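Student: Chain residues, written in single-letter form:
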Amino acid sequence: MVADTTFDINKEDLNSHRLCYLDHAATSPLKPSVKALAIDLLEESLGNPTGAHSLAQRAKKYLEAARESISDVLNVGANQIIFCSSATEANNIAILGSISETKGKKILVSAIEHNSVLVTARQAAKSYGMDLGLIPVDQDGLIDLNWLSDNLNPDVALVSVMLVNNEIGTIQNIEQIGGLVREKAPEALFHSDAAQGTCWVKLSSLQKECHLVSLSAHKAGGPVGVGALYMSSDARIKPVIFGGSQERSLRAGTQNVIGACLMAQAVKDAQDNLEPNLIRIKPLRDKLIDELVKSDAGIRETTSRESKIAGNAHVIIESVGADELLWALDDRGVCASTGSSCASGAITKSHVLSAIGIKSSDYLSGLRLTLGWSTTEEEVAYGANAIVEALHSLRVSHI
Amino acid sequence: MKVMVAMSGGVDSSVSAYLLKEEGFDVTGVTLRLWGGDGDSGCCSVSDVEDARRAAFKIGIKHRVINMAEVFDDFVVNPYVESHKNGLTPNPCIECNRKIKFDALLKSALKLGFDYLATGHYALVQKGSSGFRMLRAKDKDKDQSYVLSMLSQQQLSRLIFPLGELEKKDVREIAKQIGLSVATKPDSQDVCFIHSATGRKGFLGKYMAISEGKLVDERTNEVIGETDALELLTIGQRKGVPAGKLGQRRFVTRVDLRERKAYVGPFLNLLVSKAKVKDVTFVNKEIKSGTEIYLQASAHGSPFKGVFFENGELIFKNPQKKVAPGQTIAFYDSVENKEVLGSGVVLL
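Listed in order, the protein sequences are those of chains A and B.
The C-terminal residue of the first sequence carries number 671 in the numbering used here, and the numbering is unbroken.
The C-terminal residue of the second sequence carries number 430 in the numbering used here, and the numbering is unbroken.
These aren't lab readings, by the way, just hints derived from the structure by calculation.
Keep in mind it's a predicted model, so treat the numbers as computed, not measured.
Here a beta-carbon is modelled for each residue, glycine too, at the ideal position from N, C-alpha and C.
Treat the hints with care, as some may be off.
Ranges of calculated distance between the beta carbons of each label pair, as one might list FRET restraints [what the hints assert, rightly or not]:
{"id": "1", "chain 1": "A", "residue 1": "629", "chain 2": "B", "residue 2": "291", "range": "26 to 36 Å"}
{"id": "2", "chain 1": "A", "residue 1": "426", "chain 2": "B", "residue 2": "167", "range": "23 to 33 Å"}
{"id": "3", "chain 1": "A", "residue 1": "514", "chain 2": "B", "residue 2": "132", "range": "27 to 37 Å"}
{"id": "4", "chain 1": "B", "residue 1": "132", "chain 2": "A", "residue 2": "337", "range": "37 to 47 Å"}
{"id": "5", "chain 1": "B", "residue 1": "250", "chain 2": "A", "residue 2": "515", "range": "40 to 50 Å"}
{"id": "6", "chain 1": "B", "residue 1": "132", "chain 2": "A", "residue 2": "427", "range": "37 to 47 Å"}
Required output: the full structure, derived from the provided sequences and hints.
Tutor: As structure tokens, then:
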């Protein structure tokens, strides 16, 4: 049943059926267990968790239960997790919040970081008069450990390398990176944006290497609007949002209690099901790429499957603009993206494809297909056909 | 029938989309991302995209954004800069129409299964026994046939201009009645990639050296003033040129970038009896050499009579202010000055 709203929603759009959703890296649908919990929690009477009365304390109880659940998954203390609005915000806190507390003069980030790290790091370097170094990557997106080793020294204040890349799915060797940072820049903080890794990588090992880890809910079947940051005991962070004592005064603002609980549910569910998820999705992803590549439609795999998560099927489509292709796919009920777009919604050139050495004429030709918990075999078969058919229709000359 | 409407976020294109939907077309609105830098208006600013999107939602049509920034750089911005380096006065809006809106975008629309592309330009297209004809819009003050004068039969067969029969005030009234927030949005006046705060100098200064030059009286060779931006002077320009000793107005008549001089003289010296054009295109039939036609040298300039020759020469009936090389001259029929016959780009 669709409720009455006081603002303008086209009710025909709500609950409309999509045939084929291949955009889990952008956001994943709410998992049934998360949706069920949401419905329960929305019926609850919850006060402001900072308050003193029993409804407030109830909210506080839920919030702390969520926090404990996430800290258990990460194998860290509950007081090392703070909630915020998103992984983007967590990245901002991790970078802007830590940099003023360090003595170093340099920030190193991988060349394929999400803009919430890249742009924030650039801003931090500018504000504090520091140098920013981009760690080069190879053709699969793996960071050049030799370069990192050569450029790590006691002058480095912060290193940020994302666990899983949002466009091409590359999984970094966090253990090796952590080892190098400890060896060559023992005072430096090591941050990892793990937003895309929740469904694919065991998060509990990160705390051994990283001082700071950003987490997202909505890439793992949870809701948009909530994220979290893990901080090790030796990571000194200053707030970037002021005006309240919430989250140990590190992140002002009334906490999103329901969001935190749903996030905890989603993260635990994802981490408990890493193996079954991998076993189910990998063959679907492999089939999708194989069908596309063998179709003779000028499609090639962007990076090696061994280097990335099992849900990522990023491909390069020759001589077709991604804008037009996404449009043609949408007309056929297929949801996909490129992974890089600007505020207007238009596709922009991918810095990730540039960093892995893809030729510049292909920067606007990347197609990101990402599978997830809800992807079915039928969707993949349909999607592969639709993509090939869309390409044929775009390549036919109409003038 | 499926139609793609190019929506800039302004009232004209928004109402065009609405009118076509009312006529029963299957309409999708598209906004182009053309320019990633500073700009007040046009197809880059996120607020314009949001205006277009909001209008599309209000009208009840789908809306998408397409990135054509690279082609725009290649065919509009870079040639604009190069032209200035060579002392020409380009018209980037005409080049955008020629290469982007009615070329790249039209091709994209057809590839995506649309039957037509529509824009909010004020012009009329009629289909007759001899093909498609383009006419001036009913609203003479808003007529934009000049910037569409390069269109071909093939293009016109796939274009719709819903506002050709309407007056601007009616368009705003329609927008108001359907509740579009852009009903009162002012029309954008400037080149979309030039910010009004920094102007042409601020923009071009990032791509080329802009330096001083002397202003020289072309009769006496006397230096009468200076300019700090010789590359930005246009033939026919009076702004920045000191008046003569008796207060007479003086105009730029010639610019010599190598000598770092701009020659100035009285208005009379600007008057020429002919021009030569290249890149001539015809909308319908070729104009026979020796035919008298109306010529228009700017978007809202007064048309004047002249004779067209197939070698690109245009002989004016009466002396006219010289048209700067790089500008477009549009050709109209000599009887009613209503039908667009074609255009050419001024060589000298």
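Student: For each hint, tell me whether it holds in the structure or not.
Tutor: A quick look at each hint next to the structure:
Checked against the hint of 26 to 36 Å, the pair residue 629 of chain A and residue 291 of chain B passes, with Cβ atoms roughly 35 Å apart. At roughly 49 Å, the beta carbons of residue 426 of chain A and residue 167 of chain B sit outside the given window of 23 to 33 Å. Separated by about 29 Å at the C-beta atoms, residue 514 of chain A and residue 132 of chain B satisfy the suggested range of 27 to 37 Å. At roughly 40 Å, the beta-carbon separation of residue 132 of chain B and residue 337 of chain A lies within the given 37 to 47 Å, and the hint holds.
Look at residue 250 of chain B against residue 515 of chain A: about 49 Å separates their beta carbons, and that is inside 40 to 50 Å. Residue 132 of chain B and residue 427 of chain A have their C-beta atoms about 43 Å apart, which keeps the hinted 37 to 47 Å range intact.
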